[in-house]
Amino acid sequence: MNTPGTTPDAAPEPGAAPLPPDDAVSAPEAAAAPGPAPQTFPGRRLHPFTPFRRAWAPVAVLVGWAGHDPSGAQRQLERLTGSMLLAGLAVLIPAAALYGFLSWWFTRFAVTDSELRIRTGLLFRRTAHIRLERIQAVDVTRPLVARIAGVAKLRIDVVGAAKKDELSFLGEREARALRAELLARAAGFAPDAARTVGEAPAHRLLRVPPRSLALALALTGATWASLLAALVVPPLLWFLTHSLWTVLGVALPLLGGAGARSAGRYVAEYDWTVSDSPDGLRIDHGLLDRTHETVPRGRVQTVRIVEPLLWRRLGWVRVELDVAGSANSVLVPVAPRAVAEEVVARVLPGVTVPAVLSRPPRRAGRVLPVWWRGHGLAVTGTVFAARHGLLRRRLSLVPHAKVQSVRLTRGPWQRLWRLASVHVDSGAGRTVTAGLRDAAEAALLLREQAERSRTGRRRAGSS
Amino acid sequence: METGRAGGAGTDGTQGDGGTHDGDDGTQGDGGGTCTGAEPVWRALPPGLLRMRRLLLALWTVLLALLAGVLPGLFAGPAWAASALLPCALGGWAWWLLGRNWRSWRYAERADDLLISRGVLWHEETVVPYGRMQLVEVTSGPVQRRFGLAGIQLHTAAAATDAAIPGLVPEEAERLRDRLTELGEARSAGL
Chain C
1 MNTPGTTPDA APEPGAAPLP PDDAVSAPEA AAAPGPAPQT FPGRRLHPFT PFRRAWAPVA
61 VLVGWAGHDP SGAQRQLERL TGSMLLAGLA VLIPAAALYG FLSWWFTRFA VTDSELRIRT
121 GLLFRRTAHI RLERIQAVDV TRPLVARIAG VAKLRIDVVG AAKKDELSFL GEREARALRA
181 ELLARAAGFA PDAARTVGEA PAHRLLRVPP RSLALALALT GATWASLLAA LVVPPLLWFL
241 THSLWTVLGV ALPLLGGAGA RSAGRYVAEY DWTVSDSPDG LRIDHGLLDR THETVPRGRV
301 QTVRIVEPLL WRRLGWVRVE LDVAGSANSV LVPVAPRAVA EEVVARVLPG VTVPAVLSRP
361 PRRAGRVLPV WWRGHGLAVT GTVFAARHGL LRRRLSLVPH AKVQSVRLTR GPWQRLWRLA
421 SVHVDSGAGR TVTAGLRDAA EAALLLREQA ERSRTGRRRA GSS
Chain R
1001 METGRAGGAG TDGTQGDGGT HDGDDGTQGD GGGTCTGAEP VWRALPPGLL RMRRLLLALW
1061 TVLLALLAGV LPGLFAGPAW AASALLPCAL GGWAWWLLGR NWRSWRYAER ADDLLISRGV
1121 LWHEETVVPY GRMQLVEVTS GPVQRRFGLA GIQLHTAAAA TDAAIPGLVP EEAERLRDRL
1181 TELGEARSAG L
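Protein chains in written order, with the working numbering: chain C, 1 to 463; chain R, 1001 to 1191.
The shape of chain C in the complex, shown without the other chains (with noise of 0.2 Å):
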C-alpha cells in the first residue's frame, strides 16, 4: 500500500549523553514506572525507519476488523463509493502517519553505567530499567522488511521478566554495535573499554546444508500428514455438506498448517548456523526473515535428542532444549548424530550423550505392550538420560545439577509387575521420566538420584 507522507524533521541524536546516576533505587527488573518529565530523559531514538514500520497498526485494525466479520464487511465494501474511500483514505493516511511518528518521537533509550533504559508511549508512558548484569542474551533479527530497509530488531532476554523488552528499529550496524556493547558489560567489562571491546569471538560448530533440511522434511511424516489432510478433508467435506464456507473454513487453516510445516518451516529454518562463543551458543538461521539468537550456557535445564523414524537409517538427529524463561526450543534442526552430540556437549559442559541404555525387565511388557521396548535409561556421573518413544525416539538429558525435585510413582498394575517410574523435573517445567524400571531398581534410583543432583550442584556451585 502507501506509506504516510511525514518524514521525521529531527535527526537522531549521536551517542548516548552520559546520564548522573540515578538517585533513585531503580528496580531490579525491567519495571513500569511513571516516567521522567520528557525534557530529562536524555537518550536516542529508534532508527527513522521505525514510524513507516509502525504506521501500519491501524491498518492492521482495520484489517482485524474485516476479517472478524467478513461478510459485514462485504456489505460495507458495496455501499462505498469512490469519493467515500478517497475520503477514508484521506483521513486514515494522515491518522496513520501521526501514530507512527509520535510513537517514534517518545520511544528513547539510553545505555548508563548500570542499566539499559528504554521509555515507550505517549499516553501510558512505560519506563524500563534493565540492569546490565542481569542481561541474559541479546537477540538480533530482521524481517524481511527491515532486511530490505537495512534495519534489525534488538530483542533483551532478561532473568525473570515475562516478556523480552524490544528496540524496534535500529541500524544495522548500530543494533550490532549496541548488542556486543550490551553483552561486554553484561560479562563485566568497564563501560568504557565495552564500548571498544567488539564482538566476542565465535567460531562455527555447525551449518544445516539447504539440501538436508530439505530432505529431512520430506522425511518426517507430520509434514506429509499435515499436506494429506488438506487434500483429503476438504473435497470430502464439499462432498458430504455442499457448502462453500464450510469448506473453506477448514481448508484455508488446513492449508497454512500444511504451507507452515512444510515451506514455513523450511524457510524458518534455512541455512541454520551455530556457532561457539564465550557468551554462549549463538544461532542463526531464515531465509527471509534472519534471527539471531544466543543461547546462555549454564542455563540451559533439558536436551532432548529427537530421532524420527525416517532418519534412522540416515543416522540424523533433531535436537531441542529447554531453556528458563526462553521460548528457544530448537538447537539443530537436523544433522548427523556425531556431529549434534558434539554440540550437546557444548551446550551442557561436560556432558557425553551416553551410547548405552539399559531397557526395562521383559515383564515390562504386560504393562505397556511393545512399547516398552522404546524405554530406557542411562546415568552417568553428570547426566540423567532417558528414553522413550518406538517409533520417533526421544532421548531426554537432565544434568545432576539441574534437577529440582525426584518422584517415584506406581500404579496399581505396575505394582502387580513390581515395576515403577521415576520422574525428575527441572526447572523449565519438563519432567523426564524414566519408565518401567523395575521397583526396587527405582527405589534405589530415587535414593542415589537426589544424592547426584546434590553432589552435582555443589560441583557446579563450585567450579
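Hints in this document: simulated from the structure, not taken from any laboratory. Just to be clear, a hint being listed does not mean it is correct.
Partial pick of chain R residues on the chain C-facing surface, computed with a CB cut under 7 Å [as the list claims (entries may be wrong)]:
#1 G1099
#2 W1102
#3 D1112
#4 E1124
#5 E1125
#6 T1126
#7 V1127
#8 V1128
#9 P1129
#10 R1132
#11 H1155
#12 T1156
#13 A1157
#14 A1159
#15 A1160
#16 T1161
The structure presented is a predicted model; accordingly, all values stated were derived computationally and were not measured. By construction, the Cβ of each residue, glycine as well, lies at the ideal position given by its N, Cα and C atoms.
Following the hints, position chain R against chain C.
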C-alpha cells in the same frame, strides 16, 4: 471432601529466619551427606487430620443418605427408601480408604532433602533437596484451624514438583517451615 484446604493464611516462608528449634527433633545429624545410606526417620501425620476427614465424610454421607432415602421414599413408595443404603455403603468404604490413605502418608527430613511418601494403590514418593526450595507456604483453612491443623506446601522452580503435606500440628508446620527455610538458605543453589 476436603473443603478446608483452600484459602487461609498463606505465610511467605522466605521471611522466617528466627525460631531455631534444633534440639529435640529427630534430625539425622547435620554431619554432612554421609548418612544417606541409613534409613531415614519417618514421621506420620497427626491423627487430627484423619479425624477431620472422617468427620467431613460422615457429614456428607449422612446428607446424601438422607437425600437418597427421603426423596424416593416420599415419591415412589417406602420400599425405595432402602436406596439410602448405597451412600452408606460408599461412605463406609471411603471411611476405610481414608484410614489407609492416612496411614500411608509420611515424611522424613534428611540431611539434605525432604522425603514425602504417600498413597497405597497409587504410591508416590517425592524427594526435594533443600537447596531447590523457592518458597515454603503454610496454609490453614477454617475447618483445618478448628481441628488444629495446618498444611505445608513446598515450591521449587519446577511446576511438576507436588511436595505438600496436607495436615500437620501448627507448631510442627511452623517448625518445619522455619527449618526448611533455614536449610534452604544455607544450601541455596538457584536454577
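Taking the hints in turn, this is what the structure says about them:
no.: 1; hint: G1099; result: 18 Å, violated
no.: 2; hint: W1102; result: 19 Å, violated
no.: 3; hint: D1112; result: 5 Å, holds
no.: 4; hint: E1124; result: 5 Å, holds
no.: 5; hint: E1125; result: 4 Å, holds
no.: 6; hint: T1126; result: 5 Å, holds
no.: 7; hint: V1127; result: 4 Å, holds
no.: 8; hint: V1128; result: 5 Å, holds
no.: 9; hint: P1129; result: 6 Å, holds
no.: 10; hint: R1132; result: 5 Å, holds
no.: 11; hint: H1155; result: 10 Å, violated
no.: 12; hint: T1156; result: 4 Å, holds
no.: 13; hint: A1157; result: 4 Å, holds
no.: 14; hint: A1159; result: 5 Å, holds
no.: 15; hint: A1160; result: 4 Å, holds
no.: 16; hint: T1161; result: 4 Å, holds
The structure fails to meet hints 1, 2 and 11 from the earlier list, while all remaining hints are met.
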